[in-house]
Structures are given as C-alpha cells and as structure tokens.
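Line by line, the protein sequences give chains A and B.
Position 297 of the first sequence, counting from 1, maps to 281 under this note's numbering, and the rest follow consecutively.
To convert, take the position in the second sequence, counting from 1, and add 2; that gives this note's numbering.
Since the hints were derived computationally from the structure, they do not count as laboratory data.
Treat each hint with caution, since some may be false.
List time: in silico DMTMM-like cross-link candidates among lysine to aspartate or glutamate, alpha-carbon distance up to 20 Å [said to hold, decoys possible]:
hint, chain 1, residue 1, chain 2, residue 2
1, A, K165, B, E223
2, B, K484, B, D514
3, A, K221, A, E208
4, B, K221, A, D76
5, B, K221, B, D194
6, B, K197, A, E36
7, B, K317, A, D76
8, B, K206, B, D150
9, B, K436, B, D328
10, A, K165, B, D241
11, B, K198, A, E208
12, B, K197, A, D44
13, B, K317, A, E36
14, B, K406, B, D389
15, B, K198, A, E36
16, B, K63, A, D76
17, B, K221, B, D55
18, B, K153, B, D195
19, B, K85, B, D471
20, B, K63, B, D195
21, B, K525, A, D20
Keep in mind the model is a prediction, meaning the values are calculated, not measured.
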Amino acid sequence: MGTQRYVLGKLGQLFLTLLLILTMAFFLFRVWQPGDPVQTWARSQGARYTPEQLAAIRSDWGLDKSLPQQYVDFMKSSLTFNFGTSTVINPDASVSSLFASGMSKSLLLILTSTMASIVIGVLLGIYGGWRRQSKLDNSAMGVSMLLYAIPEFVLGMIFILIFAGVFQLFPSGLYQSPVAKPGLDHYIDIGRHMALPWLTLTLAFMGEFYLVMRSSLLDVLGEEYISLARAKGVREKYVLRRHAVPNALLPTITLVALSFGFILSGVITVELVFSYPGVGLLSYRALQFRDFNVLTGTFVIAVIAVLIANFIADLTYGYLDPRVRRA
Amino acid sequence: MKRVHKGLIVALVGGIAMLLAAGSAWAQSATPSSTATGGSGGPVTFIEGTINDMRTVNPWKALETPEYEVLSLNFDLLENFDKNNLQAAPGLATSWEQSSDGLTWTMHMRDDVKWQDGQPLTADDVAFTYNTTLKCSLGNSLDYLVPDFTKSIKATDPTTLVWTTNVPTTAPIRPPWVYIAPEHIWGNSSCDDIKKAPFFEDGKPMIGSGPFQLTEWNKGENWTMTANPDYWAGAPHIDQFKVVKYNNSEAMVQALKNGEIDYVNLGSVDLFNQLVNDGSNYGLTTHVGPAVSFGQMSFNMCDPQSPDAAPYCVKTGSTGNPALRDPAVRTAIAWAIDKNTILNNVLAGYGSMGTTIVPPFSQTYHWEPTGDQVIGFDIARSNQILDDAGYADTDNDGIRNDPKTGDNLNFRFILRSESEIGSRLGDYISGWLKQIGIGTTSEVVGDGKLVSAWYDNDYDMYIWGWGPDPDPDFILSTFTSKQCGGWSDTCYSDPDYNKLYTDQQTATNTADRQQIIYQMQQKLYTDIPEIVLYYDKALEVYNSSKWEGLEDNISPTPEGFLWGQYTPYSALTLAPRGTTSTAASSSSSSGLLVGGILLAIVVVIAIVLIVRRRGRNEEDLA
Chain A
-15 MGTQRYVLGK LGQLFLTLLL ILTMAFFLFR VWQPGDPVQT WARSQGARYT
35 PEQLAAIRSD WGLDKSLPQQ YVDFMKSSLT FNFGTSTVIN PDASVSSLFA
85 SGMSKSLLLI LTSTMASIVI GVLLGIYGGW RRQSKLDNSA MGVSMLLYAI
135 PEFVLGMIFI LIFAGVFQLF PSGLYQSPVA KPGLDHYIDI GRHMALPWLT
185 LTLAFMGEFY LVMRSSLLDV LGEEYISLAR AKGVREKYVL RRHAVPNALL
235 PTITLVALSF GFILSGVITV ELVFSYPGVG LLSYRALQFR DFNVLTGTFV
285 IAVIAVLIAN FIADLTYGYL DPRVRRA
Chain B
3 MKRVHKGLIV ALVGGIAMLL AAGSAWAQSA TPSSTATGGS GGPVTFIEGT
53 INDMRTVNPW KALETPEYEV LSLNFDLLEN FDKNNLQAAP GLATSWEQSS
103 DGLTWTMHMR DDVKWQDGQP LTADDVAFTY NTTLKCSLGN SLDYLVPDFT
153 KSIKATDPTT LVWTTNVPTT APIRPPWVYI APEHIWGNSS CDDIKKAPFF
203 EDGKPMIGSG PFQLTEWNKG ENWTMTANPD YWAGAPHIDQ FKVVKYNNSE
253 AMVQALKNGE IDYVNLGSVD LFNQLVNDGS NYGLTTHVGP AVSFGQMSFN
303 MCDPQSPDAA PYCVKTGSTG NPALRDPAVR TAIAWAIDKN TILNNVLAGY
353 GSMGTTIVPP FSQTYHWEPT GDQVIGFDIA RSNQILDDAG YADTDNDGIR
403 NDPKTGDNLN FRFILRSESE IGSRLGDYIS GWLKQIGIGT TSEVVGDGKL
453 VSAWYDNDYD MYIWGWGPDP DPDFILSTFT SKQCGGWSDT CYSDPDYNKL
503 YTDQQTATNT ADRQQIIYQM QQKLYTDIPE IVLYYDKALE VYNSSKWEGL
553 EDNISPTPEG FLWGQYTPYS ALTLAPRGTT STAASSSSSS GLLVGGILLA
603 IVVVIAIVLI VRRRGRNEED LA
C-alpha cells in the first residue's frame, strides 16, 4: 500500500510542477518576449507583407486571441505535444518531426556519455572512498576537481585543439563527413565524429559523480554498522558490497537525476561547439532565429524530460531505501 | 576489491583500445575529402564551410550571402556581371540595343539554353520573371531592379525581349540582379503562392538553368549542389559543390586545416590572420577579397514635425533625441570618429576607411571625397563645432547641454550582440564622444530587439551594416522617403535627394547617371544621416594543394572574389589539382603516425602505472 501511495504522490507532484513550469514558459515565450514575433518574422523574410497578411499570420499563430485564451491554447498544445510547425528555421516542418530527428542524434550522445560518466565516476569514487589517499585516489581527485570546474565549451575547444588539431585523430565537428561514406565506413564515420563531443560530455560529468560517490562512501564507512559488520568478521569485500556501497549510492542517484538538467544544458553547449546537429543545436537555432514554436517545443520537452528523470530517481530511491517509501 | 580493480583496468584499456581502433579505422578510411581528387571513384566534391545559415532559396525572397551563392549557381541572369568591372556582359542575352528615344530596349538572347529539366529557356521566361517581380512588388531590392516606370516587358519571339519604359532609363542593362525563373513551373502561381513557395522541396531538385542544381538540403546542417553537365557556358569540372554549416569558427578552421573542407569565407579577422601565418603548412592559400560591405553608425532622423517627414515617420512618431537632428551635432560626431583606429584595431587592417554608402568595388559609381570635402578625425575641431552651435556644458558635469532644452547631450546607443565587433566599435566611439562632451548609454541587444526599436523609431543611434549590390540603385533608394518604414536605416527624408534618386533611375547613359550618383553620395556625406565607418573585406581561404582554377578567375578585378562571385566564373574553372595533391595527405598521415606513437606511449605508461599500483594496493590490503 505504501508503495502505491508513494508513487501516486510523486506523480501528483510531478504534474503540479509541470503545470507551474509551463505557466512560467508561457510568460517567458509569449508575454515577456522582446519584440513582436510576427514583425520579427516578417523582417527576416526578405519580402514585404501587407498589414492584412501580417494579421493573417498573427491569427494563424493564435496571437490575436486574448491572453487567457492564448494561455489555455498553450497549455493544451504543450500537454498534447502539439507544437505546430516551425516558422523560420524549417518552414512547414512540424516541430515534433524536427525534434525527433535531432533527438535521435542527441540521445545517442547523451545516453552513451552519461552511462560512461556514471560508470567510470562511480567506480572510481568507490575505489577512491575505499582506498582513500592512495595514489590513484589522489590523482583522480585532482583530475575530477579540474574537470568539474572547467566549463564544457572550454573542454570542447581544448579537445578540438588537441585531438583534431595536433593529432588530427578526430574531426573537429559535424555528425558525419560532408560526403557520406558507404556501408560500414558510414558508422565508423559517425563514431569518429561523435568521439570528441562524447569525450567532452563524459569527462565533464564524470568528475562530479566521482566526487559525490567518494565522499558519500566515506561518510557511510564511518557509520557504526560498518564497524559492527567488520567486528562480526564479515569479509571486507562483503562489507563494501552489501553494507557500504548500496547506502552510499543514494546521494549519487539523486545527483544523477538532478544533473540531468545540467546534462541537457551541457549538450546544448557541446553540440554548439562541435556543430553536432541534435536537439541542443536545434534549440539554439530556434533561439537565434526566433522560431518560437520550435523554441517552446524544445523547452517543454526538456522540462518534461528533467521531471521524468527526477521521478525515476524518486522511485529508485524508494526502492533502494525502504524508509523513504514509508515516510 | 579485486573486482573493482579489474573492472577499472578493463574499462580503461577497453576505452583506449576503442580510441586506437577508431584512429586506425580513420587511417584506413582517411583522405577525408580527397575523394575530391578522384582517387576512390566517388564524386568530385568541393566543400565549403560556413557559419551562416540558409533560410530560403526562393529567388524572390533571398537576402543572405549563402542564399545568393546557391541562386547564382542554380540560375542565370539575363545579362552576366562583367568579370572585371561588374557592368552588363553577354549571358543569356548576347546583345542589346536602345531605341533612339531611349524608351525601348531590345535584348537578343541565346537559342541554345535549356532548363535543368530539359525544357528550352526562352524570352518568355525572362518576361514572366520580370513581370512577376513588377506585379508582386515584394518590397525588397528586386522592386528597384525592375523599376515601376516600366511600361511593358514582352517576348516578341523566343529569343527577343522588348522592354519599354515611360521614361528613358538604363535599368535593363545594370544588369537587373533578378534570377530568371522557369515559367513552365511557376507560371500559374499567384503572388501569394510565390511569396510562400519554398522552391526546394525534399527530393525534388530545384529547376534553374545554371551550372549547378540544388539537389539536397538538410536544413541547418548542409546543402548539396550537383553539376549541370549541359550548362550552356560549359560543364563544371567538379561533380558536386557542398556547403557545410558549422556553429563554431574555430572548429571550422580546424576542419579546413585537416582537409575535411576545402573553402571558407571567414568573418573573423583573428582566425584569418592565423591562417595567413600558418595556412601554408596545411596546403591552404589565403586571399583578401573586395570590400563589398560596410559598417555604419545611423542616427534617428525621423522628425514627425518636419514638413518633409516621411509618412511612416509621421505615423509612428519618434523618441529620437532632437539634438541629433541638428546638423552641427552630427557633424561634430563625424569629426570625432577615428576611422583609422577602427580599421587597424577592430578590423586588423582588412578593410578600408568608410566614406559613402556605395562601396569602392562599384568602381563606376563610388564617389570618394577629396581635399576640403574630407571629414577626418579632429577632436578639437569637433569641440569647436559644438561650442559654435551653442552646446555648452552649463551644469559642469562633463556633458554638454542642449541650449533649447537644457538637457544633457546623452544618446542611447544600440549595438548588435550578433556582431563579433559590435561592442568593440561601441566602446571606441563612446570614448571619443566623451572627449567632445557627449554622453552615450550603450546597450548591446539581439537583432530582434534592434529591429523593433528601428521599426518604432525608438532609438538615438545604432551600428549595423550593409552588403550592397554591385549596382548602387537599391542602396541609394534606402535613403528616399518612401523607404522609411521599409529598408531606410534612419528615416532620412529629403526632397532633393528623392529627386536625385529618380533622376539617376532615368538617366539615359552611364556617364550622366554616374554624375547624379556622385551628387547623392556627396549629399549624404555632408548631411550625415549616418556615418559609414569602414568597408570590410571578404577574407577567403581555400585548400590550394587540392584545388586549382580559382585564382585565375578573380572577379571583379583587381580585388575580387575567388568563389561566391556575382557571376560564377571560377565555378566553371575550378578543378582538382592534378599531380601535386599527394603533398598534403602525406603530411597529415605523418601527423597521424606521430599521434599514434604518442598515444601508444601514453597507453603503455598508463597500463604500467595501473598495474604497479594494483600490486601495491594488494599489499596494503594484506
């Protein structure tokens, strides 16, 4: 019974947060947007539009309605994922199709790099916490602090200089070679192009996971139940695996979920630096060209993605720590 | 403990192995675009990198450089731009004559031109294109290229076009920069359809008559043009021309160095300077092109109370500081700007000092002030002008006061965040204005906000730029009253100037027109509705170890474009460099070898270290 209530409660919270953020997004994109979107659009079109034509476009975009009505429309379209068509960057393509094409490329990058940074970061963190002050721990600590502090775009530029510039090992950007390669080479080509953005994202987030895992394990190792386990003669390996690590993982899981938002913003930066055509670049272009349907779409979907990540974290938390469920 | 340890080593070694595998896979599949040299049998592709995006390929709506680049390769004009001086040269039309009363132009066209879908291109297509331009009046530069005093444009037979006007004019041989569109495709479209038409839809190549054809366009990523082997002026020597969009100039330059792309037209003087120094190591050649664009500082000239005010200005009103409508203030500001410093410190010398809105590459029409006409840099003189005009600092706060209102001379100054040099320019200019007792409130904004301020005449001064056509008609039109609310930078409105504009449109010969256009530039130079700060040059870099045939076709002369020309001369002579192409690839593969060896050393050291630590740690554990 506890579990069910816990999940339902969390779902309710999720929905409320979503409504709140969407309301903020409405004000952000519709009310406080600098300049009139229709005028800005017309200006970028290279042809003059009569006031009647502009009025027609305004009505197409639903901007002639009253603000409350616009708000209702906005919430409706956001919650049904129907963001209409792109206005500037790819006229007449639906926002969802643009998003889908960008997302497939971004997901490849986000999933593989996040996995790698979690696995490497957590493993190194466990080792560091377990063998504190060892040489590996000390050097990992230094590197992690450094990686944690360097902004993604600086890291990306450094990698371009080293791996694309000095060693000429990997391309400095894009998703694939300008002239597509046939067969298996095509996938190798994509892999080579993904290498540097992947490395940047992986390293940028690895440091954080390492630091949190390490310090949380250190905390746990000081607990009395660990001493008790050792006193009972439980083998060290077992103490670590069954007693210390599961408890120490909790803060790390929160961190993974929380950092999902940062990973998304990191993806925007990294995609920009490497001209990698995923959702990050899509939202950047939408902002640049004031394609506000695309902008709204990417924003709402990003918000939902972050919320879901947090929701999953909450559930995992409940699974790992029964106290949370009962509370 | 051992398990964690093993996992770590496996992960590390695995990662490094993957890195190596990728590297060696690259070594095998390397020679990135050296498919260009035709070795592997793929299409010979010339690849340009750009950081500018393409929004539309609709020839009636194009504005931006990448759009014009595609159009110039995909379509023809009625007359070409002469390779040297950009005057009208034979193209689709081989000859033309004007009637003795000056009202009728007869153009004689080639009879062997075909559209890319095989249909013949005739004078009817030209008449259709020009009449559509005239009828639809899209409000852009095309309106001015096919002027509204045109009486009729008709095809009397498939190779003869007759253009009659109400007043004598040279408009038909400027040449009109209107790309000829196929009537058999667009003939039944309304103006609204044409305005909305994307022209390129997925999977369907864009039909024109030029040497290339747009065949693929991944929006925001890249676009591909395929050679037209049946082009009437001869087939290109390459199979494909491809443009790849980067979002980061540094990464783009790196790709150029690594041979992944072949050509860039750089917007950044710093990166260009680097390539001037080390580009030859990578087989690259740098080229300083013509000064085709200018940067200007515009003043809000909209004065709704003035009897000469443009209708749009009266409608919107203006929040512009009235002091800026006093010629003395603008003259003083002009004397306080050190264009030489801007040229050297902001543009690194890649440009020339700005004077008028017709850049020097319009050789026939550019007017250059001489002797006493020149407004130079002289702070003392500038201060004197303001003193004489009664702008004293009455409240001793270091800022002069307007004698009419007593207010401080403090101007809102809008700078573009999209421009790499916008805020640097603003800092310099604000500094100089401070020396003459004028305050500025600078604001760096995005183009959307600037456009709104401009539309509402809600600003005092701003900095922006223009890249005018070779023929000055359109850029001159932007200072006519009619353009206020359209393309006018400042809502400048002056009946004399308006008249001069009409006069140059209807001048019967080039010499007369030149004199009128000189007068117009001189008038703007002394009235100062805006200050032309600099002309910036096109900075081109290409991989000369792989390609040849660009440098013998620079247009216009002497300082012209290698690529992206007004009429694509070099696109027809560009070819893979024959025998010398091995130099670059061998240097890059030796670079790879060095990289590989270094990496291998790093891997060995890492493994040794890890294994040693592992031993130590196990001792600790014991």
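Results of checking the hints against the structure:
no. : hint               : verdict
1   : A:K165 with B:E223 : 17 Å, holds
2   : B:K484 with B:D514 : 24 Å, violated
3   : A:K221 with A:E208 : 17 Å, holds
4   : B:K221 with A:D76  : 12 Å, holds
5   : B:K221 with B:D194 : 23 Å, violated
6   : B:K197 with A:E36  : 15 Å, holds
7   : B:K317 with A:D76  : 34 Å, violated
8   : B:K206 with B:D150 : 34 Å, violated
9   : B:K436 with B:D328 : 18 Å, holds
10  : A:K165 with B:D241 : 16 Å, holds
11  : B:K198 with A:E208 : 73 Å, violated
12  : B:K197 with A:D44  : 17 Å, holds
13  : B:K317 with A:E36  : 18 Å, holds
14  : B:K406 with B:D389 : 14 Å, holds
15  : B:K198 with A:E36  : 15 Å, holds
16  : B:K63 with A:D76   : 17 Å, holds
17  : B:K221 with B:D55  : 8 Å, holds
18  : B:K153 with B:D195 : 25 Å, violated
19  : B:K85 with B:D471  : 15 Å, holds
20  : B:K63 with B:D195  : 12 Å, holds
21  : B:K525 with A:D20  : 35 Å, violated
Taken one by one, the earlier hints fail for this structure at numbers 2, 5, 7, 8, 11, 18 and 21, listed in ascending order.
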